[in-house]
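Which chain is which? The protein sequence lines are U and L, in order.
Its first residue numbered 0, the first sequence is counted upward by one per residue in numbering that gives the first Met the number 0.
Its first residue numbered 0, the second sequence is counted upward by one per residue in numbering that gives the first Met the number 0.
Hints are not guaranteed to be accurate.
If several chains are the same, the list does not tell them apart, and a pair holds so long as it fits within one copy or across any two.
[To be verified] Quick list of in silico lysine to aspartate or glutamate cross-link-like pairs, DMTMM-like style, CA-CA up to 25 Å:
| # | residue 1 | residue 2 |
| --- | --- | --- |
| 1 | 380 | 159 |
| 2 | 12 | 233 |
| 3 | 12 | 330 |
| 4 | 12 | 91 |
| 5 | 167 | 233 |
| 6 | 167 | 199 |
| 7 | 126 | 5 |
| 8 | 167 | 316 |
| 9 | 167 | 196 |
Hints are computed from structural coordinates only; laboratory data are not their basis.
There are 2 protein chains.
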Amino acid sequence: MTPLDETHDPTRKSWVESANDAATDFPIQNLPFGVFRRADSDESFRVGVAIGDQIVDVVACSEAGLLSGDDALAADRCRHPGLNALMEAGPEAARRLRRALSDLLRVGSSVFERDPAIASHILVPMKDAELTLPAAIGDYTDFYASIQHATNVGSMFRPDNPLLPNYKWVPIGYHGRASSIVASGSGIRRPLGQTRDGTDGPPSFGPSRRLDYELEMGVFIGSGNALGSPIPIDEAERHVFGLCLLNDWSARDIQTWEYQPLGPFLAKNFATTLSPWVVTVDALAPYRAPAYRRPTGDPAPLPYLYSHDDTNSGGFDISLELDLSSAAMRDGGMKPLRVSTGSFTEIYWTVAQLVTHHASNGCNLRAGDLLGSGTVSGAAKESRGSLLERTWRGTEPLQLPTGETRAFLEDGDEVTIRGYCARGEDGRPRIGFGECRGRVLPALPAHASAV
Amino acid sequence: MTPLDETHDPTRKSWVESANDAATDFPIQNLPFGVFRRADSDESFRVGVAIGDQIVDVVACSEAGLLSGDDALAADRCRHPGLNALMEAGPEAARRLRRALSDLLRVGSSVFERDPAIASHILVPMKDAELTLPAAIGDYTDFYASIQHATNVGSMFRPDNPLLPNYKWVPIGYHGRASSIVASGSGIRRPLGQTRDGTDGPPSFGPSRRLDYELEMGVFIGSGNALGSPIPIDEAERHVFGLCLLNDWSARDIQTWEYQPLGPFLAKNFATTLSPWVVTVDALAPYRAPAYRRPTGDPAPLPYLYSHDDTNSGGFDISLELDLSSAAMRDGGMKPLRVSTGSFTEIYWTVAQLVTHHASNGCNLRAGDLLGSGTVSGAAKESRGSLLERTWRGTEPLQLPTGETRAFLEDGDEVTIRGYCARGEDGRPRIGFGECRGRVLPALPAHASAV
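Given these sequences and hints, build the entire structure.
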């Protein structure tokens with residue numbers, strides 16, 4: 000775990016006034032990385048850092064001579080339209096760059112006091128910016144790390160055997176689709192696919208009627224490992240660049256019919272939405288939590304997955320929220336319905352365990368690779384992270400304020416995930432993840448892909 | 000299907016003498032694409048084309064003024080260390096370039112007759128070259144398209160229910176790992192992983208004891224489709240750049256313990272070996288075959304997967320061979336054991352069906368994406384494409400000429416897959432795929448990744 004330093008000082012304020020607002024996701028203690036350009040411009044996408052309602056243009060900082068030495072080299076890596084080059088430089092590069100930016104942006108920064116005009120050179124208002132995916136994602140792996148989610152889903156599909164015997168030993172995961180990961184705000188086209196009603200008769204091909212979301216955290220790999228070289232558990236977090244929010248859109252009816260024996264495929268790979276800002280493990284240091292407390296009787300992790308740190312800093316104390324609005328709700332000026340509130344401390348396996356398990360067979364992780372946590376569900380009904388669970392397979396539909404009901408998602412529905420580390424009693428500010436948002440578009444006509 | 004033209008003329012010969020040998024994989028009618036550089040040089044990897052025992056340096060052809068117009072533009076795309084740029088240019092670009100190279104390399108080429116010295120400028124002997132992966136692979140999907148393989152494996156894991164109800168309707172597939180795909184000749188490190196003996200008791204972590212190969216064909220996507228835009232079945236092959244050989248190394252003991260409910264993960268993602276040469280669909284045009292003949296009673300494909308062409312050209316008539324040698328066999332100067340001979344006509348789903356199904360939900364395929372066919376197994380014992388099947392889960396071990404036996408792979412074992420379209424009675428030459436080879440290296444010590 001990162002030692003705390005002056006970048007975590009809860010009393011530090013920024014000369015970017017909006018960063019000092021108690022409600023902002025992006026105080027000077029956060030400084031998450033993303034990729035942006037001015038909207039409606041022909042600028043190249045490049046790396047920026049969020050502060051308050053502004054984006055720090057890292058390349059502009061460097062070109063203005065505000066970064067030197069290693070930080071200038073790191074800033075050179077920010078010229079690319081993805082974080083990959085900065086990620087490849089290893090954890091120290093981004094850590095130093097975050098520290099340099101914190102010093103530059105703080106109240107009392109000698110640079111700013113000498114020349115307050117730098118603000119206009121290095122800041123781009125978020126409202127004027129277009130954000131894209133944080134990195135070129137080589138491989139995307141989705142885990143299944145919430146035991147409550149695994150139990151809920153298992154009890155629907157296998158009532159007699161909800162949690163399979165491997166669950167408490169193996170961090171279950173599978174490979175997802177990298178090409179269809181999209182930035183927050185992108186429309187989500189309802190997929191067509193094969194589904195079958197009942198357990199007899201032929202399947203049919205058409206639009207999914209059981210479209211769902213999954214509330215997840217995403218984990219970006221920073222520096223990778225060579226093929227054939229596992230990552231010891233106590234080094235795992237050095238390979239993690241940071242965390243973001245992820246919506247693993249899922250077509251339950253397609254999934255039910257296709258998933259045996261090789262797992263989900265077309266039910267998941269039509270779209271995955273990511274939030275634009277990657278909050279670094281460094282920024283999260285004051286918000287660490289114990290790993291999930293395994294109930295008495297659960298096995299201890301095998302040695303390769305066992306870390307002494309887990310008892311105080313295996314987890315991340317991140318609160319999660321999911322809001323839903325229908326087209327009719329938006330037309331009526333109603334605010335979205337809060338469907339779920341959860342906590343990332345509910346996952347059975349730590350992020351470090353996911354990384355170490357993934358590389359334990361020698362599989363190589365590369366800078367920019369993405370891991371999904373799997374749906375984060377808690378024990379309470381309100382903390383279930385998918386509609387499948389929230390409406391219990393559609394048997395307990397949600398009531399929307401318009402009088403509409405929802406078993407699964409309808410065209411026009413918009414799903415927004417937010418996450419944050421809460422303000423602490425010791426004055427620690429709120430550290431937020433921004434939002435991960437997507438709206439369901441109607442399916443294309445089926446004949447477009449038929450004879 | 001590509002219409003036949005002069006590039007397919009079986010009487011065409013090349014001034015590259017080795018290309019006229021009846022046994023070569025690479026006659027002038029083939030001209031597969033790959034990525035090479037001179038071994039032990041600091042040259043950049045670039046695109047080349049195999050002919051006989053030589054590689055045509057496409058960029059050198061262009062620089063020597065031997066290609067013009069669109070072909071010179073296509074050759075510019077060959078400067079990259081992967082085929083992706085050429086693939087992105089669409090099927091016509093590679094088709095024209097292959098035709099131009101065929102004209103350049105044929106006996107009677109006016110360019111060669113004027114200046115035979117061009118040979119030394121544009122050819123690199125294969126024995127002096129280093130070959131690498133044909134493309135930067137964005138996403139890798141592995142299918143399960145051989146019904147005999149699915150039935151064999153199913154009968155071991157689920158004796159009462161070998162073939163699941165979805166098999167004859169859905170081209171079953173799952174996402175594999177792109178990062179660990181390696182070029183032919185790379186060593187394959189035996190993976191560590193969790194396995195469990197029997198059905199009770201805790202698992203343990205250590206080297207896999209059931210390491211296996213899988214004999215597959217690989218399919219490279221050429222031009223892709225936009226996210227949300229399916230690919231109609233009759234356009235599917237326009238999105239296929241070509242085919243190669245693939246070995247999907249598999250750790251059966253890890254697979255058995257981890258694969259439910261989300262499919263294979265660490266059992267597969269430690270390594271996949273690819274052959275270096277991609278044989279284009281154009282070159283394969285004279286070797287098309289009917290699609291797999293579905294037995295009476297099997298359902299017809301749903302309309303989105305139904306093509307009128309399937310009856311005469313849905314399949315590819317490719318013969319497959321798999322050889323095994325142990326370290327002791329090589330030390331004794333023995334030739335490898337032919338373990339399997341099979342045919343790519345045995346797969347239940349056509350390549351076009353795999354592509355169309357993959358994109359049927361709007362999933363975007365990109366240039367350089369790779370599809371695996373899944374293990375190609377026929378009905379005969381000798382045509383089973385994995386050791387799992389060939390030794391029937393180890394119960395019928397192979398006898399090696401040294402007196403050794405093999406239930407699964409041992410350290411030092413080398414597996415070589417070859418494939419070819421056989422010479423035809425009408426004089427069609429043999430068109431080969433080269434080889435896909437890998438040797439098993441011993442596992443690293445387990446403590447390297449434990450506490």
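Check residue 167 against residue 316 for me: Cα-Cα at most 25 Å, and say if that holds within a copy, between copies, both or neither. For residue 167 and residue 316, the Cα distance is within 25 Å only inside one copy (22 Å; across copies 47 Å).
Which holds for residue 380 with residue 159 at a C-alpha limit of 25 Å: within a copy, between copies, both or neither? Result: close within a single copy only, 21 Å intra versus 38 Å inter.
Given a CA cutoff of 25 Å, do residue 167 and residue 196 count as a within-copy pair, a between-copy pair, both, or neither? between (33 Å within a copy, 17 Å between copies)
One pair to classify: residue 167 and residue 199, alpha carbons no more than 25 Å apart. Within, between, both, or neither? between (34 Å within a copy, 14 Å between copies)
For the identical chains here, do residue 126 and residue 5 meet the 25 Å Cα criterion within one copy, between copies, both, or neither? For residue 126 and residue 5, neither the intra-copy (29 Å) nor the inter-copy (59 Å) Cα distance is at most 25 Å.
If the cut is 25 Å between Cα atoms, do residue 167 and residue 233 qualify within a copy, between copies, both or neither? within (20 Å within a copy, 47 Å between copies)
25 Å Cα threshold - placement of residue 91 relative to residue 12: The answer is within: 24 Å in one copy meets 25 Å, while 60 Å across copies does not.
Checking residue 12 and residue 330: alpha-carbon separation at most 25 Å within a copy, between copies, both or neither? Result: close neither inside a copy nor across copies, 39 Å intra and 71 Å inter.
Please sort residue 12 with residue 233 into within, between, both or neither, judging by C-alpha distance up to 25 Å. Answer is neither; intra-copy 33 Å and inter-copy 62 Å both fail.
In summary, the structure is inconsistent with hints 2, 3 and 7 from the numbered list given earlier, while agreeing with the others.
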